[in-house]
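Colleague: Chain D: place on chain S using the hints.
Top line first, the protein sequences correspond to chains S and D. Count the first sequence with my numbering and you get residues 3 to 874, in order. Count the second sequence with my numbering and you get residues 79 to 198, in order.
One or more of the hints may lead you astray.
[What the hints assert, rightly or not] Derived lysine-lysine pairs resembling DSS-like cross-links, with alpha carbons at most 25 angstroms apart:
hint : chain 1 : residue 1 : chain 2 : residue 2
1    : D       : K135      : S       : K642
2    : D       : K192      : S       : K773
3    : S       : K642      : D       : K170
4    : D       : K101      : D       : K192
5    : S       : K246      : S       : K60
6    : D       : K149      : S       : K644
7    : D       : K135      : S       : K644
8    : D       : K81       : D       : K120
9    : D       : K164      : D       : K102
[Claimed, not checked] Simulated restraints, written as ranges between beta carbons of each label pair:
hint : chain 1 : residue 1 : chain 2 : residue 2 : range
10   : S       : N744      : D       : S185      : 47 to 57 angstroms
11   : S       : N744      : D       : L197      : 52 to 62 angstroms
12   : D       : E169      : S       : N744      : 35 to 45 angstroms
[To be verified] Residues from chain S that face chain D, not an exhaustive set, calculated with beta carbons under 10 angstroms:
hint : residue
13   : P7
14   : E555
15   : L559
16   : I662
17   : Y663
18   : I668
19   : V675
20   : Q682
Rather than coming from a laboratory, the hints here were simulated on the basis of the structure. Just so it is clear, CB atoms sit at the ideal spot from N, CA and C, and this is done for glycine as well.
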Amino acid sequence: MVNSPYVYALGLAVYCSAWTYYGSVGAAARTGPQFLTIYLGPVLAAPLWIIILTRVVKISKSYNVASIADFISLRYGNNRALGALVTLICAASIIPYISLQLKALSETFQLVTSGSTEISHNNWLEDTSFYIALSLALFVTFFGTLSLDASKNKKGIMFSIAFESILKLLFFLIIGIYVTFYLFNGTGDIYCQAEDIIKVKSLEGLSEITSGINWFFNIALSFLAIFLLPRQFQTSVIEYANKKQISKAMWVFPLYLLLFNIFVIFIAWAGIILLGDNVNYDYLTILIPMSQGNNTLAVMVFLGGLSSVISMVVVSTLALSTMLSNNLIIPYGFLGKFSGEKAPKNEKTIKNIRRIAVFSSIALAYGLYAGIGTDVPLFDIGLISFLIIAQLAPSFFFGLFWNRGSSKGAIIGIIIGFAVIMYTYLWPFIAIEILENPILLTPSLFGVEFLHPHYIMGIDYLTPMTHALYLSLLMNCCVYLYFSLFFKGNYRERNYGEVFVNADDLDENSDTSLVWDGKAYMEDIQSILVRFLGEKRTKRAVTIFRKRYKISEDEILADARFINFSEKLLTGAVGSASAKILIAKVANEKPVSLPNVLKILQESKEAFSSSKLFESQSIELRKLTEELRKANEALIFQDKQKDNFLDTVAHELKTPITSIYASAEILQEDTEVPQEIRQQFLNNILADAKRLTRLINDILDLEKLASGREKLDIQKMDISKTIESAIPSFDAIKLRRNLKINRLTIDSYEIEHDREKITQVLTNIISNALKFIQNKVGEISISGKIDKSTASYRIEIADNGPGIPQQDVPFVFDKFYQSQDQTLKKPKGSGFGLAISKQIIEIHNGKINVDKLYSAGTKIVIEIPLKKDKYE
Amino acid sequence: MSKILIVDDEPNIVMTLEYALKKKGFEVFIARDGDEAIELIKTIEPNLVLLDIMMPKVDGFEVLEFVKSDKQFNQTKVIFVSAKNKASDVEKGIQLGASDYLTKPFSVKKLTEKIEHILK
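Same shape as in the complex, but just chain D:
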């Protein structure tokens, strides 16, 4: 059973994702900012991280950089889920090594499909 880490500081959004992913049978963990995310990645070693970008303190890009810099988490997939929809941000995210970049608002259905596809 794949582990998914949801990183977002908006509880209402987290709630919907958590419900939808659990229903699909994933093991779901939640972090509310970048720091917490890094801690959880180290301890639970998730298969995939759903990562918001605009968060207080450590932002999403920095979390991804951490993941990619450590060999241990090389295989961890990351999908950005962000309100930032400028082409430059999307490009940056993909270049840093994200598997996908979804802009808010997103369709939960499409997101879960993407996750299932990536984790196959």
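With the rest of the complex left out, here is chain S:
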């Protein structure tokens, strides 16, 4: 359930925060449908997930990546500075965003509780939002940091986010339907009325080419955000569990966004119509029902907003705290301390660092909120957040597809990009919106007009937002490309560059994809692992490692695989940069030259493909061996059977000869044999001679049938007559032993068969049955029917004898088979009867079997095809 693709897709809907819930309507009321760009970006990005997200997930799962900072720093060789920088960027993006959430939450709370449409700013101790922020902070601090390994899924959180996503969508749709269809007569009605009040035409869409460009950049912005926002990285990558999730999310998530946006513009217009322009447009969704006296609905809307805030804050701070601890605080301050401590203490320390990080980021957000006035529209703060996070785009996307991207390029690019934003957007924003002092802007830097923050180089047709985005990304990319092209990264980042770019070949369990050259002792590395994972986990992990690569216990030197394996393990706990530093402390690492890297990579690739080839060959070989073994077993079995057969033949032939020999010898030697016994001996001699003759005939018959030398006299005749003809020969014995032989239904049908041979078969089977049934009560039933389903004629001969023991059933048609259970008296017969019968029936292309389901005795079933194509 928690791994369900729907939970995953709805978890992605953490994208829709209070910003969407309230800010979209506000933006729609102010500037028209431009708010849609924020959702069009993700919708356009969704089809690309199959390529990009799949790759990111694969790498992240392979290397226990726990955040986007980890991911980017890993790509550039576990670069500590880069990880820290990305973390700072994320913090800069998240904290204003959280403060935006707090702002929305506290203001809507005031609206709903006070019932007035005015929002006042109180002293922080009287401010409800302070307490809201505090409780949120406490909640996340203890809820989100339970597990040390931040790269592992937190299924409970994912599930509650999915639930909240349903809740907020549902409530938003309800208010939309309420406004559109209850307060107004549908969308057309709202449009007509709005047309009179506001200039709807100007809000409708693209009026000229410049607004098209603005649209383009806004869409690009949200396109980048869906990949880069830490909370999106958390839900889409860290919480990823299986393949189905991405393919499902690719359509569920855009659908979700579509549903969310259906009513936005209509609520906005309706708000303007109903409430005029003296209200805060951001809260139209609450103000409309309140103005209609429908407080229940207003509270409901508030609850929807609350759930969107909670999920956003929880996930964002969770992601942020992991980054702060793993990529900033631990690598820059605590590593030395950890090296000397024991595992439980380290784990506790790390968790505490995370808790403090969570708590302080929310506190900081609250401070920011308290500093910003109430008048700043939600939408604008949200855009700042997007704008900042977009600076990670070059290092993230180039890094995924271009192996030459270097850490230097990434770091300088991000810094330059951020600086550009600071100058072109953040500073003017602070000056205008917060300090409310536009004079700070003009005259702009050094009084040079073309350096005006909003119109650098005279570009005056872009909004400040798109202007900042365009310029910052342009600079960021240029710097990234320049430094990547002209300053080669070290071996480590080139190495990871190869891994990221060739991630599709990445074997998730492989520790060989990285090159490492140096000297380290297993023991040293293990002692580091113990400090972070504990004795038990370390021991288990090392055992698994030794087993996987068949490394003996005596091996004291660690190889590249063990180094990589350990780094991965540590990455989950302390982040990739710290993991690298920790390992590097005990490992005497030598730099690897590029040709070396390429060579080893090539080798591992070849090893991989040749091992695949080997694997397929060995499967073939195993198959072949298995076949040989089976053939051999069959041969041995046949050999043994032949042996048994010869033994049996010898026994069967010698027995009558022995009897004849002995009897004749006595008669010859001993003249005093009494007349009575003499007669008996002579009878025995005759009987045994007959037995011998019969046996020899049977053997010859069978041989002839089996070799095909015996030509059958096949004619088209009524088979019922053949069956009838087999029965009278038993009349005498029937009378003597007081048995019954029943003729059941015997259908007439013309079948090509050898009457004499079929009669012989039936005689054999009936004689067999006679041997086992008891006098007086014994009964044999014979039937013959046309069986259309198998297109054959079915003869059944059933008796009420003891039946054939289950274990003997497969052998009854073998030569010389005689039941092992014949204890008292050996039935007469050569042991060839059923074998000959089988041969005859098979020449008729038919089948002869024992009906295993028949429990009242023995039932032999013969099936002869109605039409026989060809006789052999």
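Modeller: Coordinates of chain D only, in the frame set by chain S:
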């Protein structure tokens, strides 16, 4: 008077042996399979057993094993009389402790001579 147990599932062969041995003055008992043979060995404690090998259920080898495994019958002589004439079978029989191994068909005269010799 020595007791001889004939173990064979072929009545005609048994008949000739029974006649010939009785004539020589032995007390003759008859078993038609291995199970019956073991029962009779326990009850009548014969001096000698003429043992067929290929019999349903318990075969001759198993009967001999039983005889040799029990101290009470340690002195019981056993002669195999079998259609099996492979060297391996003969060897097995002798190794298990049979006094002799005759292959079928056999001469009644020679068999009785052997019996008399063994029981002396």
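Colleague: Decide, hint by hint, whether the structure agrees.
Modeller: We went through each hint and held it up to the structure:
{"no.": "1", "hint": "K135(D) to K642(S)", "result": "19 angstroms, holds"}
{"no.": "2", "hint": "K192(D) to K773(S)", "result": "39 angstroms, violated"}
{"no.": "3", "hint": "K642(S) to K170(D)", "result": "18 angstroms, holds"}
{"no.": "4", "hint": "K101(D) to K192(D)", "result": "15 angstroms, holds"}
{"no.": "5", "hint": "K246(S) to K60(S)", "result": "14 angstroms, holds"}
{"no.": "6", "hint": "K149(D) to K644(S)", "result": "38 angstroms, violated"}
{"no.": "7", "hint": "K135(D) to K644(S)", "result": "21 angstroms, holds"}
{"no.": "8", "hint": "K81(D) to K120(D)", "result": "13 angstroms, holds"}
{"no.": "9", "hint": "K164(D) to K102(D)", "result": "31 angstroms, violated"}
{"no.": "10", "hint": "N744(S) to S185(D): 47 to 57 angstroms", "result": "51 angstroms, holds"}
{"no.": "11", "hint": "N744(S) to L197(D): 52 to 62 angstroms", "result": "57 angstroms, holds"}
{"no.": "12", "hint": "E169(D) to N744(S): 35 to 45 angstroms", "result": "54 angstroms, violated"}
{"no.": "13", "hint": "P7", "result": "65 angstroms, violated"}
{"no.": "14", "hint": "E555", "result": "50 angstroms, violated"}
{"no.": "15", "hint": "L559", "result": "60 angstroms, violated"}
{"no.": "16", "hint": "I662", "result": "8 angstroms, holds"}
{"no.": "17", "hint": "Y663", "result": "4 angstroms, holds"}
{"no.": "18", "hint": "I668", "result": "6 angstroms, holds"}
{"no.": "19", "hint": "V675", "result": "8 angstroms, holds"}
{"no.": "20", "hint": "Q682", "result": "7 angstroms, holds"}
In summary, the structure is inconsistent with hints 2, 6, 9, 12, 13, 14 and 15 from the numbered list given earlier, while agreeing with the others.
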